[in-house]
Structures are given as structure tokens and as C-alpha cells.
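Undergrad: Listed below, chain by chain, are the residues.
Protein chains: 2
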Amino acid sequence: MLPKSLVLALGLILAAPLAHAADAPFAKQEAVASQLRDTALKGSGAYDILESLTTEIGARPAGSTALLRAADWGAARMKALGYDKVTVESFKVPGWKRGAETAEVTAPFPQKLVITALGGSVATPAAGLSAPVVLFKRYDDLLAQAPGSLTGKIVVVTERIIRAQDGAGYGAGYRIRGAGASEAAKRGAVGYMLRSLGTDSHRVPHTGTMAYDPAAPKIPAAALSNPDADLLEHMLARGVPITVKMLLTPTFGPELEARTVVGEITGREAPQEVVLIGGHLDSWDLGTGAIDDGAGVAITMAAGKLILDQPLRPRRTVRVVLWGAEEIGKAGEAFAKVHGPEVANHVLASESDFGAGPVLKIGLPKTKGGEGFAEALMRVLGPAGVVYDRQDAVSGGADVEEMAELGMPVASLRQNGLDYFDWHHTPDDTLDKVKANELDQNVAVWSALAWMAADSAASFRAPAK
Amino acid sequence: MLPKSLVLALGLILAAPLAHAADAPFAKQEAVASQLRDTALKGSGAYDILESLTTEIGARPAGSTALLRAADWGAARMKALGYDKVTVESFKVPGWKRGAETAEVTAPFPQKLVITALGGSVATPAAGLSAPVVLFKRYDDLLAQAPGSLTGKIVVVTERIIRAQDGAGYGAGYRIRGAGASEAAKRGAVGYMLRSLGTDSHRVPHTGTMAYDPAAPKIPAAALSNPDADLLEHMLARGVPITVKMLLTPTFGPELEARTVVGEITGREAPQEVVLIGGHLDSWDLGTGAIDDGAGVAITMAAGKLILDQPLRPRRTVRVVLWGAEEIGKAGEAFAKVHGPEVANHVLASESDFGAGPVLKIGLPKTKGGEGFAEALMRVLGPAGVVYDRQDAVSGGADVEEMAELGMPVASLRQNGLDYFDWHHTPDDTLDKVKANELDQNVAVWSALAWMAADSAASFRAPAK
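Residue numbers (the numbering used here), protein chains in the order written: chain R, 690 to 1154; chain P, 690 to 1154.
These are calculated hints, taken from the structure and not from any lab test. Keep in mind that the hints are not guaranteed to be accurate.
[Claimed, not checked] Below, computed lysine-lysine pairings styled on BS3-like, alpha-carbon distance capped at 25 Å:
#1 R:Lys1122 x P:Lys1122
#2 P:Lys1050 x R:Lys934
#3 R:Lys826 x P:Lys1122
#4 P:Lys801 x R:Lys1124
[As the list claims (entries may be wrong)] Only some residues are given here: those of chain P computed to face chain R with a beta carbon under 10 Å:
#5 Thr754
#6 Pro799
#7 Met924
#8 Arg927
#9 Gly928
#10 Thr977
The C-beta atom is built at its ideal place from N, Cα and C for all residues, glycine as well.
Generate the whole structure from the sequences, applying the supplied hints.
TA: Put into C-alpha cells, the structure is as follows:
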């Protein structure tokens, strides 16, 4: 036994019966949630949903016709699963499209490099861009360069991200992809490449968004596969000038349509009050979007289905949202435009968007009128391998951020993402990376949490000061 | 202790001092070989050689200018390492070159597929080849089809190879790649794709040679990455017709030049007698040829260097050969054309061509005048983690086959290849897959064996019946 003070210091509440279930707060909800958990762990149906999405649709970037097909798929699938109401919300996204993307060392060691354009990158000249390379092993070393000192160069940053269960490495490295091109351009560079923000060692580069600083010229930006980044490091270590030619031909066209699908399980007593869960339907264009974020789509759709299978609807409404433009950061904004006015009715929200690994920890917002909720929830989720993290800086995911800023309470369901950045945003984001039993564990957690929040009268808004 | 009968039944001789070293046969050779082993295990230099080859040359298919640069590299490197004599042998290889290689499902589930042309494949029509797919999960199921039954189809075979330490899965699957296109064509197919002969689950297809049966039409042939083979299985499981479009634009040109490099350590007493070791210098065109077969090149070049560092040359000559066209099966033939006449002078030969994993087992040919050789060798190699496999069906590697057929004795050095087919013949065959200490273990084994065979008077020719 740990002393109680230590348990509190660790921020954990261990799953143990604190009182006879019938006497405890949320006892009824806990009983149903335990059933949902056990049903999910025996086979939640999530894998079949994910298999269907990745097989029948595959890659579905926001703005593509594949995303429109995915929205049709999602709406049809939700109707078939028995959702009470399914709506599709249409919005516009920028018309960026990937083109050719090749690179090679032309001298003195001619070799091909495997690259992919970053989302939003401008094109190189049609004949390609040839320039000497300047390589920085740390991003801060690039930032330390004087303006003009990199004139005419292709800048390569090969800083590695660490492998971390919670994705901290990606978080720390994010700026290298997001801001690196403009930082290089401010110093005179004509092209930019980074080591992929990935923890793998395969010849599959990791794409992702970048943004241009209006104060700098726009230069083409790409990610190298990690073995290619290694290769450039080995070449540059010889102290001889290395010339690289890169060719990117992405295009910018008129705005395109994207769609978010909302499936509703209508509450039996307080249907205007909403518990919001979901994943994002769009994916990058390189893989089939299995882990990012077919998994989140499948987990939350399946969680909704298990709730629908209950003899009664929960007190409140559960909405399962399949956002249609997370990867380019446009879905949450569009969603808030439609649903912002109803924000006060939103009880609790969270997005599943960290792959298919099991949920390890839960963080909840402060509650009012919900005392005992976390304890009851953890009696359900402890046996599924989840701990309560009292210290969690709750965040609900990219697509609920705008609504959270308007006051919507959000919960964090933290998954094991140790392998997530091996495949994230690459051609390797495919179904074979997903284990059905881990999806089932996620469904157990999401269905239990959604049921308990939706069937109760708990509030997750912090008390007014 | 195991009973001696069991030890013999297992085909193993345990490494243990059977007699005082100075009294034992091959005692002098054993003493030097033990030193070579210990030196190699402390750092053999092989990794630096491999780093140089993969960085400065990279992919080097037979017939490419990169292979000619690699031959220059090999000759210069051997001279710098102090080899007594370095020669370059030029020969001709077919002028096949890879072109574009794309594929996609066009209906009813439009998705891109990642493929690579098999070496020697003909091209598709320039606009691509569109046809309905027939999928076989087992190659024998294709062979069971009647002539004409696959008319107009693209045949896909998705049989998996098993992961096995000795590469048995690849051996068993080899015919699927080598002969599948013609077997499909005999039954009317217009195109052929196989699941890669690989044990990985990455979006990197495995190329390799194939051959056409003159009795069948030549149809284009490609390997799918394994996740793409999975995807087609998932699609076909729906029982609906699937149409695939494949585009391959390889070209056949005039014969091209390839080169084999031979470095010699000239024997001090019987220089005409030759112990032959080596690896192949050519690689496939997709990766940088680190494991296949930069490793073998580096291991045997470094083994030779350790022998050169001895105060005396061995009695006999050691030749380190870097064959220049193994992947397309042309180097051994060219080598035998030059060296066949001297075959009687070749004492023992073997090629290192199974990646960079440690040597686990050794198989030797029957000996005459070499009694006690294996025992002495195993006293040296046992501490390096090697066992003697008395049952081994000795084979020396693809590039010594022709010389072996002429009577050259060959030895087998069996490596741990459990991961080898994760990367073999893919873009992922890069330096990061190699561990320096495992290369060192290989060098320990090769230098010890080469020294003992070359410094002794042992014969490995079976006694005349």
C-alpha cells in the first residue's frame, strides 16, 4: 500500500471500491459504464469501422473528393449504426495540392533523396532548385545565424525528435517544421528541408503543415526521410560543399469544400445538453489515415454505437463529430462558427486524435455538482488500465480548441503514443499498424466516459470565483 | 555436460580446449586467428568502410555509372588499406533500367498503391495498363488455374513469406517473384503483381529479378509494398470487381559495363594457392546498398586489412573480391570465365552476402589433410558466438557458385538474418540498419577463417573415392 499522501502527490486515484456501489454518487451511471466497458473489451466493432474507412476511402485530405466520399461514408455508417440524427456541415478550405516531390545530391556524391513537401509549401522553379546545402543539427543553431548569412543556400535542419509516450518530442520539434522555412528565408536561404518529425528509421518522410511569416520571402519546404537526413549529415561531415537539387510542384487553387459529419444520440431528458466526442475524418494524403485519425473516428463512432445499444438513451445528448479538416487546422474554426452560440449547452468534450494505442491516463476539468464523478469513473476505468491524472493540464484536442476558448469544458484521454510518430503523416499510416484489442480498450474508455457524463447531471464548469 | 553422442547428433563441436594449444593441429594458426578475432571485436574498421561506400556512392546497380564509381572507390580503398595487388575486371551486363512505377485502384475504391518494377520487367503501355484484378493468397492457387482462365486480368499474388533466421521464407517464396509473371501470362494475364518478398510492414516495396519463360507472353511485373498487398486483400474480400491501373516504364538498352574488384594479399610461401572471400559491390537501385551488400564488402575488406596488419603474410594468398553484378546474377559467371582455369589453386571460398547480422554457424567442406582444422577454428570462433554445423549443406554464395561447380571448395558462414528481409531490396536498405559491433563480429569470423585456411596447408577437397 502507498500512503494516501503519496497517492495524492502522484496525482492518482487508484481504482478501488470506496463505498458500496449503490450508495456511491453516480452509482447508476457507473453500473452502465462498467457494462459498456466489458462489452467494448470483448469486441467493440471499432476495427471493422476502421477497416472500412481505410479500405473503401483511404487517404482523404481536406479539400479532396476523397474527403467528400468519406463524409458520405461517415453519414451512411452512422445512420446504419442507428444514430438518432446525422448532419453534414460543409465549409471551405484552401486549395493547396501536392505535386511532384523529388530531391537529389548532385555533387560531389550523386544520390537520390526521399522527400515530401510540407503542407502549404510553395513550389520550386519548374526545373528544380539547385543550391549548396548548409546543415544545422540543432534548430537553435539556425536561429543563431545572422540575416543574410545563408544567402542562396538550401538550409537543412536535422534535429531529432525524442520518442516519448505522450508525444513530447513532436511538440518540442513542431516549430522546426512550422516556422523553419521562414526563419531560413529571413537569413537568405532559397530552400528548406528538415529531418522528418518522426521517430522511425524508414525511407518514408513525414509531411505536415507549415506557415510562412509574412515578413520573409516564401521558399519551398520539404521533409527528408530520416535515413536521408542521416545521409546528408554523413556527407556534410566530410567538410566538402554539397549541392542539392529539389523539385516541388504543389499548386494553390481556389478554395475547396470540406465536410464535418455530426452523429447524434439524442438525450432522453435534457437533449439540449451535449457531451461531445469525436475524431477527425480528414487525413494527410500519403497514407490511408489509419492511425491519424481513422482510429479516432472508429473509436468514437463505436463508442456511440455501444451507447445506442443501451435500452435507454442517456439523459443528455451525445454527439459524435467527425471533423473534416484537422490536418490543416480548419475544422475546429468552422465547427465553432456553427456551434459557438450553443457553447453553454456543451457539458464536456474531447477528441480522440493520437492513434490507436491504449488510453493510459485521464484528465478532467474542475467540477461543480460533480463531486465523486472522477472516483466513480475510475472505478470503471481502472480495470481497463487507466489512471486518473489530477495534474493533467486538460486539453481536448485540436478540433475542440475554439469551442474550449468559448468556455466548453474539455477532458484529456492520454494514449500510449510511443510508436505513433513512427508512422504519423507518412505513407506508412496504414491499417496494419493498428491492434484491434487496443482500439477496443479505447472504445471502453470513451463509451464509459461519455455515458457517465451524459447520463448524469454533473457539471464540468469550474465554480464561479 | 551433454553426452558426446548428443553433441555429435546435434552436429556441433563445442568450443573447448581439447589439448594444449601448442600440441594441437593448426596451433600456430589458431594463435594468430585468436588475435585477429580479439582485434576485430574491439573495432574492425568495417563500419567506416561501409559508411564511406553508402555515403559517397550509395545505390550502385550493375550497369550504372555509380557502380563504376564504386569500383574506383573499392580499388582506391584497397590500395589505401595496403593490399598487395588490386585489379579491376570489366564485363558486360544487360541494359535494363528502371523507369516510372505507379499504380492505383481506379474503381470502386480509388486509392494509390505503392509498387516497384521487378528487375527485367517489360514496360506497360505508355498510358498505363488498366485491368480487373484476380487475387491469389497462395501462389499454388495461381498455378492451379487453367490456361486462358485469367485472360485480360492483372494477377496479384499476396502469399506471405515467413520470418526465419536463415532466410528460408525468402527461399520458399523466390519462385513467386522469379516465375510468377510467366505463370500468370500462360493463363492469359496481362499484368502481374506480388506481395513483396519481405517480412516488414512498411510502404517500401521489395524489388528483385524475375525471368520470362520463352513459352509465355512477356507481361509487366511489379512488387507491391506489404501494406498495399493487405489493402488489395481487404478490397477483394468485399467480393466486388476491382480495377487497377499500373504504369511501368523500364527500358532495355545496349549492354552496359560492370566491374569486379579483386584485392590480393600475396601468400608468403604458396602465393599461387588462393583463399577467396568477398562480398558484392553492386546493389539494387532503391536503397544505398548498406545491408545488401555493402556489409559483405566492408566485412571482407576489413578482414583482409587485419590480415595485412600481421607481421607476416599468410602462407597462401587471400583474395578479397568485390563482385560487380550479383543482383542480376552476372558476376559469378564473369568471374569464372577469368578464374575458372585457376580453379585447382583455389583452396576455399565464401561470399558474405546476408546483411550485417552476426555469424551464428559455420559449415565447412570435407577435408583431406585438414583433420583438426574445424576443431581449431571453433576454439577461436566459439567465444565469438559461433557454432560448427556439421550438417550444413555448404554453399558459398551466389558469386562463387560457378567456381564451386568447377570444383572450388566453399564454406558457409550463416548469419542471423531475422530482420534482413525487412529491408532487403528496398529503399530502406540504408546505413542506419547496421550495428557496428555486429559488423565487427563478422570481421572476427572472416579474418580468423581466412587466416587459418591461408596460413595452413589444409585441403578442403573431398578425398577421391
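Undergrad: Please go over all the hints and tell whether each is borne out by the structure.
TA: Against the structure, the hints:
With a CA separation close to 21 Å, the supplied pair Lys1122 (chain R) and Lys1122 (chain P) stays within the 25 Å bound. Proposed proximity of Lys1050 (chain P) and Lys934 (chain R) is contradicted: the alpha carbons are some 46 Å apart, above 25 Å. A hinted pair counts as satisfied when its Cα atoms are at most 25 Å apart, and Lys826 (chain R) with Lys1122 (chain P) qualifies at roughly 21 Å. Straight-line distance between C-alpha atoms of Lys801 (chain P) and Lys1124 (chain R) comes to about 23 Å, which keeps the hinted pair within the 25 Å bound.
The interface hint given for Thr754 (chain P) holds, since its Cβ lies 9 Å from the closest Cβ of chain R, which is under the 10 Å cut-off. Taken as an interface hint, Pro799 (chain P) checks out: its beta carbon lies about 7 Å from the nearest beta carbon of chain R, inside 10 Å. For Met924 (chain P), the interface hint holds, since its Cβ comes within 10 Å of a Cβ in chain R; the closest pair sits about 6 Å apart. Contact between Arg927 (chain P) and chain R, as hinted, is supported at the beta carbon level, the nearest pair being about 8 Å apart and thus within 10 Å.
Interface hint at Gly928 (chain P): violated, since its Cβ lies 13 Å from the closest Cβ of chain R, which is beyond the 10 Å cut-off. Against a cut-off of 10 Å between C-beta atoms, the interface hint on Thr977 (chain P) holds, since the closest Cβ of chain R lies about 7 Å away.
Violated hints for the displayed structure, listed by number in ascending order: 2, 9.
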